[in-house]
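Trainee: Protein chains in written order, with the numbering used here: chain V, 5 to 445; chain G, 5 to 445.
Note that these hints are calculated values from the structure, not bench results.
Ideal Cβ positions, reconstructed from N, Cα and C, are used throughout, including at glycine.
Among the clues, some could well be false.
The calculated lysine-lysine pairs, modelled on BS3-like cross-linking and capped at a C-alpha distance of 25 Å, are [claimed, not checked]:
| hint | chain 1 | residue 1 | chain 2 | residue 2 |
| --- | --- | --- | --- | --- |
| 1 | V | K85 | V | K126 |
| 2 | G | K112 | G | K263 |
| 3 | V | K407 | V | K339 |
| 4 | G | K221 | V | K126 |
| 5 | G | K306 | V | K306 |
| 6 | G | K306 | V | K221 |
| 7 | V | K112 | V | K126 |
| 8 | G | K281 | G | K339 |
| 9 | V | K221 | V | K126 |
| 10 | V | K306 | G | K126 |
| 11 | G | K126 | G | K221 |
| 12 | G | K263 | G | K85 |
Computed footprint of chain V on chain G, listed as stretches where at least three residues anywhere in the stretch have a Cβ under 8 Å from a Cβ of chain V [unchecked claim]:
| hint | segment |
| --- | --- |
| 13 | 74-83 |
| 14 | 146-158 |
| 15 | 206-219 |
| 16 | 233-240 |
| 17 | 369-378 |
Interface residues of chain V toward chain G, partial, derived using beta-carbon atoms under 10 Å [what the hints assert, rightly or not]:
| hint | residue |
| --- | --- |
| 18 | A77 |
| 19 | A148 |
| 20 | A206 |
| 21 | L210 |
| 22 | W231 |
| 23 | L301 |
| 24 | D303 |
| 25 | H375 |
There are 2 protein chains.
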Amino acid sequence: MSKTEKQAPDRTAATARPDNGGGTAATGVSRRRLLGTAGAAGATGLVLGAGGGAAGYAATRPEEPAALTTIGATEAMFHGKHQPGITTPLQARGHLVAFDLVAGAGRKEAAALLRRWSAVAKELMAGRAAAGGADGPGHDTGIALDAGPSSLTVTFGFGRTFFARTGLADRLPAALDPLPVFSADALDARRSGGDLWAQIGADDALVAFHALRALQKEAAGTARVRWQMNGFNRTPGATARPMTTRNLMGQIDGTGNPKPTDEDFDRRVFVLASPGKPQEWMEGGSYAVVRRIRMLLDDWEKLPVEHQERVIGRRKADGAPLSGGTETTEMDLDKAGPDGRPVIPGNAHARISSPEKNGGAAMLRRPFSYHDGIAEDGAPDAGLLFICWQADPFRGFVPVQRKLDRGDALSPFLRHEASAVFAVPGGAAAGEYVGQRLLES
Amino acid sequence: MSKTEKQAPDRTAATARPDNGGGTAATGVSRRRLLGTAGAAGATGLVLGAGGGAAGYAATRPEEPAALTTIGATEAMFHGKHQPGITTPLQARGHLVAFDLVAGAGRKEAAALLRRWSAVAKELMAGRAAAGGADGPGHDTGIALDAGPSSLTVTFGFGRTFFARTGLADRLPAALDPLPVFSADALDARRSGGDLWAQIGADDALVAFHALRALQKEAAGTARVRWQMNGFNRTPGATARPMTTRNLMGQIDGTGNPKPTDEDFDRRVFVLASPGKPQEWMEGGSYAVVRRIRMLLDDWEKLPVEHQERVIGRRKADGAPLSGGTETTEMDLDKAGPDGRPVIPGNAHARISSPEKNGGAAMLRRPFSYHDGIAEDGAPDAGLLFICWQADPFRGFVPVQRKLDRGDALSPFLRHEASAVFAVPGGAAAGEYVGQRLLES
Ligand code: HEM
Ligand code: HEM
Numbered sequence: 005m006s007k008t009e010k011q012a013p014d015r016t017a018a019t020a021r022p023d024n025g026g027g028t029a030a031t032g033v034s035r036r037r038l039l040g041t042a043g044a045a046g047a048t049g050l051v052l053g054a055g056g057g058a059a060g061y062a063a064t065r066p067e068e069p070a071a072l073t074t075i076g077a078t079e080a081m082f083h084g085k086h087q088p089g090i091t092t093p094l095q096a097r098g099h100l101v102a103f104d105l106v107a108g109a110g111r112k113e114a115a116a117l118l119r120r121w122s123a124v125a126k127e128l129m130a131g132r133a134a135a136g137g138a139d140g141p142g143h144d145t146g147i148a149l150d151a152g153p154s155s156l157t158v159t160f161g162f163g164r165t166f167f168a169r170t171g172l173a174d175r176l177p178a179a180l181d182p183l184p185v186f187s188a189d190a191l192d193a194r195r196s197g198g199d200l201w202a203q204i205g206a207d208d209a210l211v212a213f214h215a216l217r218a219l220q221k222e223a224a225g226t227a228r229v230r231w232q233m234n235g236f237n238r239t240p241g242a243t244a245r246p247m248t249t250r251n252l253m254g255q256i257d258g259t260g261n262p263k264p265t266d267e268d269f270d271r272r273v274f275v276l277a278s279p280g281k282p283q284e285w286m287e288g289g290s291y292a293v294v295r296r297i298r299m300l301l302d303d304w305e306k307l308p309v310e311h312q313e314r315v316i317g318r319r320k321a322d323g324a325p326l327s328g329g330t331e332t333t334e335m336d337l338d339k340a341g342p343d344g345r346p347v348i349p350g351n352a353h354a355r356i357s358s359p360e361k362n363g364g365a366a367m368l369r370r371p372f373s374y375h376d377g378i379a380e381d382g383a384p385d386a387g388l389l390f391i392c393w394q395a396d397p398f399r400g401f402v403p404v405q406r407k408l409d410r411g412d413a414l415s416p417f418l419r420h421e422a423s424a425v426f427a428v429p430g431g432a433a434a435g436e437y438v439g440q441r442l443l444e445s
Numbered sequence: 005m006s007k008t009e010k011q012a013p014d015r016t017a018a019t020a021r022p023d024n025g026g027g028t029a030a031t032g033v034s035r036r037r038l039l040g041t042a043g044a045a046g047a048t049g050l051v052l053g054a055g056g057g058a059a060g061y062a063a064t065r066p067e068e069p070a071a072l073t074t075i076g077a078t079e080a081m082f083h084g085k086h087q088p089g090i091t092t093p094l095q096a097r098g099h100l101v102a103f104d105l106v107a108g109a110g111r112k113e114a115a116a117l118l119r120r121w122s123a124v125a126k127e128l129m130a131g132r133a134a135a136g137g138a139d140g141p142g143h144d145t146g147i148a149l150d151a152g153p154s155s156l157t158v159t160f161g162f163g164r165t166f167f168a169r170t171g172l173a174d175r176l177p178a179a180l181d182p183l184p185v186f187s188a189d190a191l192d193a194r195r196s197g198g199d200l201w202a203q204i205g206a207d208d209a210l211v212a213f214h215a216l217r218a219l220q221k222e223a224a225g226t227a228r229v230r231w232q233m234n235g236f237n238r239t240p241g242a243t244a245r246p247m248t249t250r251n252l253m254g255q256i257d258g259t260g261n262p263k264p265t266d267e268d269f270d271r272r273v274f275v276l277a278s279p280g281k282p283q284e285w286m287e288g289g290s291y292a293v294v295r296r297i298r299m300l301l302d303d304w305e306k307l308p309v310e311h312q313e314r315v316i317g318r319r320k321a322d323g324a325p326l327s328g329g330t331e332t333t334e335m336d337l338d339k340a341g342p343d344g345r346p347v348i349p350g351n352a353h354a355r356i357s358s359p360e361k362n363g364g365a366a367m368l369r370r371p372f373s374y375h376d377g378i379a380e381d382g383a384p385d386a387g388l389l390f391i392c393w394q395a396d397p398f399r400g401f402v403p404v405q406r407k408l409d410r411g412d413a414l415s416p417f418l419r420h421e422a423s424a425v426f427a428v429p430g431g432a433a434a435g436e437y438v439g440q441r442l443l444e445s
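So here's chain V without its partners, still in its complex pose:
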């Protein structure tokens, strides 16, 4: 099967957005336009086709029109100033996978791997088969056959240990210094760290798994999986709320995030390296702090909702600050209630973590929820794959987590189980691969 055959018949590539980010607010996602009339008719039929299932196939969707919806057709761009998967809208499914270089693999092998990975990521993000094609040797697994790109993003990063192993110790950024130990850490070293990291996101679970297998295959002989985690968010269209997702505690999550329209968004989230400096290769990149944070849901769910709301400082139903307004209203941290005490409690999570209380420290949180069934202790093995993005973890994650760790109201319901930090270089320009400026300079 050739690559072109894999294109769904009624998609045409429209308004591809070659730049992941640029100046301000672009999310680097383009929605492939369905063919005019047919597309519109299909969409209307899809939404208005009530009374479904009166006839047809068992365990199938008999009435779905033969067209991708937005979910399948949305395509994120591989090339750009920034890598995809940072400002890209949250996807329904995510995989995090860390690799360690095998003995004997050094800079040369790593460069070749990043070149292969970049080539694969670019093909898959466009909804095509992995390099090697659908058959023949090195063939594609076929798991994503006849699915659209489904907002697939693949994002690559380098861990602290990568640099010494590849003879690049002089390029190791100070931003990859080990994180301080926090009092509430219960970290599992086998699920922490890693030389290399890939974050995969897509709105279809099979498209995401397909990408994971393709990366693993390319890594064979050069790097082996150190740890791997699965996550999820809402399926687009499952909720009418346009902006933020909920986490497994039931809270609206993401409200306080810096917005790409903020004047200082780029400066906070992305590295703006000065040319000629040893970290020039990180220009346009960002640092990802990854924490697997277990939620102690059995305890949490016992709290009355009003108590849960005081723990965060926001209302559960709509995310509005306890100081009033709607989700987008700014928190009024000074507002006092009739009893003279602040309506957003002194230990509320959203107060303690706010830039206002942290000398402006901010990060872009872009998490996935995780749920791996029942843990050995009988509690749900579920929580947040907390991923935050910033120009410097020591001016983003670290000061904030230091304060939270010292005792915000949420901490008793959390357990940090794994931790890693990765340097995620800028996006590859056309013809380039991710990390080339590090590996070939």
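On the provided structure of chain V, position chain G with the ligands as indicated by the hints.
Mentor: Below, chain G with the ligands alone, put in the same frame as chain V:
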């Protein structure tokens, strides 16, 4: 927050389908109609809104119209002749959870639990909060707040061990006799069996998790989780293929399933018990065989595609039988190639499992894929949560698995890791709870 507030503003309940199944082909799913013009405009905007992400929020979907799409708005009916989740179209996310009654819990406690579970399932499937409401004591976790029903189904079943524990040994159906031991079984007893079973499916992962937590909460004090598994299928709209899904081997899966339009569909899949017989309570019910089947993907993916196709007897790209045609063309098991040998090999999985070669034995396969990361041996802990539905497992699953186990071409790439069989009674009539005819007769 009251229950009505939780309804999305532009949904109206349309063409509710009160009967899950009835005579022939209904799938028991109704799609809530969006309000005429507004809905249509929203849908068109959604699909045609190309160039997405030019402005707006980081890590959000700025342009999504403030309306549920079909994914969120689709609602499966709780009441009906059959339980939902059997002929319901495959959902993107699934949870299987088995419970054992705690010491001291008997028939009375089990009846109360099934009554509570049924009440919760009905509310959640309609997109409302769990009993107890969104706040106050016993409040809803809020994880599904502002999401639509998202095709949620909850299906309940009884395992063999349930009957003696509840003093109902005289009602134990022969269909729940232990399965024979198959030569390739590598079953983990801790993830097999169970007194009670719930299957949850939804097109949104948070909606599914919400339902799982709600069931667990109702079970507290009466039953404890024995095992729990997570699965997934394609997100609707991610592919243009209307009928079948793919599995993690990349194959189109579900083609050979009996169709609700087949004359003998009901007789094969559902129990048509004679009144007055001890198993009258199973009228309209079905038996679910659940097998967690690991795929040995590292081995499988090494096979050339033509070899993979001979293992199944169908083409990978489009699911057509190797004897020719398209996916829906019947297999021609007698057709020989130029070399005189059958083009669908003698040990091909689809040949060996076909009703034609099994005295008509047939089952409705309705699986979820699973992927729990990397197993201890470094291989992907991934495969199929194989669930098949039939009026009698000894005339459906058992004879077919006996033959497959004796050596079809697929078996070397599979490992059956867990097994369970559940009696899934018919759907609850209005005012009734699932299992009432067993527990109160
Ligand atoms: C499972 C763990 C966590 C949960 C469930 C959680 C939940 C929340 C919620 C519900 C909010 C309010 C809504 C919003 O602005 O998104 C919030 C805000 C925030 N959280 Fe967390 N959080 C967690 C961990 C963390 C960690 C580890 C950090 C950083 C060290 C962090 C930093 C922030 C920041 C910066 C805000 C925004 C505050 C503002 O409004 O300016 N959170 N979190
Ligand atoms: C991970 C394990 C399995 C995989 C990957 C698998 C895959 C497939 C595929 C690709 C097909 C052809 C397309 C289709 O008709 O759906 C098929 C057909 C079928 N399989 Fe399986 N299968 C598995 C296990 C089983 C088991 C355990 C049984 C029953 C004991 C079974 C029974 C059937 C039946 C009845 C058919 C339809 C044959 C016909 O066309 O009439 N399969 N399977």
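Trainee: Does each hint fit the structure? Answer for all of them.
Mentor: To see whether the hints hold, each was checked on the structure:
{"no.": "1", "hint": "V:K85 <-> V:K126", "verdict": "15 Å, holds"}
{"no.": "2", "hint": "G:K112 <-> G:K263", "verdict": "39 Å, violated"}
{"no.": "3", "hint": "V:K407 <-> V:K339", "verdict": "22 Å, holds"}
{"no.": "4", "hint": "G:K221 <-> V:K126", "verdict": "45 Å, violated"}
{"no.": "5", "hint": "G:K306 <-> V:K306", "verdict": "50 Å, violated"}
{"no.": "6", "hint": "G:K306 <-> V:K221", "verdict": "10 Å, holds"}
{"no.": "7", "hint": "V:K112 <-> V:K126", "verdict": "21 Å, holds"}
{"no.": "8", "hint": "G:K281 <-> G:K339", "verdict": "46 Å, violated"}
{"no.": "9", "hint": "V:K221 <-> V:K126", "verdict": "16 Å, holds"}
{"no.": "10", "hint": "V:K306 <-> G:K126", "verdict": "23 Å, holds"}
{"no.": "11", "hint": "G:K126 <-> G:K221", "verdict": "16 Å, holds"}
{"no.": "12", "hint": "G:K263 <-> G:K85", "verdict": "18 Å, holds"}
{"no.": "13", "hint": "74-83", "verdict": "holds (count 5)"}
{"no.": "14", "hint": "146-158", "verdict": "holds (count 7)"}
{"no.": "15", "hint": "206-219", "verdict": "holds (count 7)"}
{"no.": "16", "hint": "233-240", "verdict": "holds (count 7)"}
{"no.": "17", "hint": "369-378", "verdict": "holds (count 7)"}
{"no.": "18", "hint": "A77", "verdict": "8 Å, holds"}
{"no.": "19", "hint": "A148", "verdict": "8 Å, holds"}
{"no.": "20", "hint": "A206", "verdict": "8 Å, holds"}
{"no.": "21", "hint": "L210", "verdict": "6 Å, holds"}
{"no.": "22", "hint": "W231", "verdict": "8 Å, holds"}
{"no.": "23", "hint": "L301", "verdict": "7 Å, holds"}
{"no.": "24", "hint": "D303", "verdict": "13 Å, violated"}
{"no.": "25", "hint": "H375", "verdict": "6 Å, holds"}
Consistency note: the structure conflicts with the earlier hints numbered 2, 4, 5, 8 and 24.
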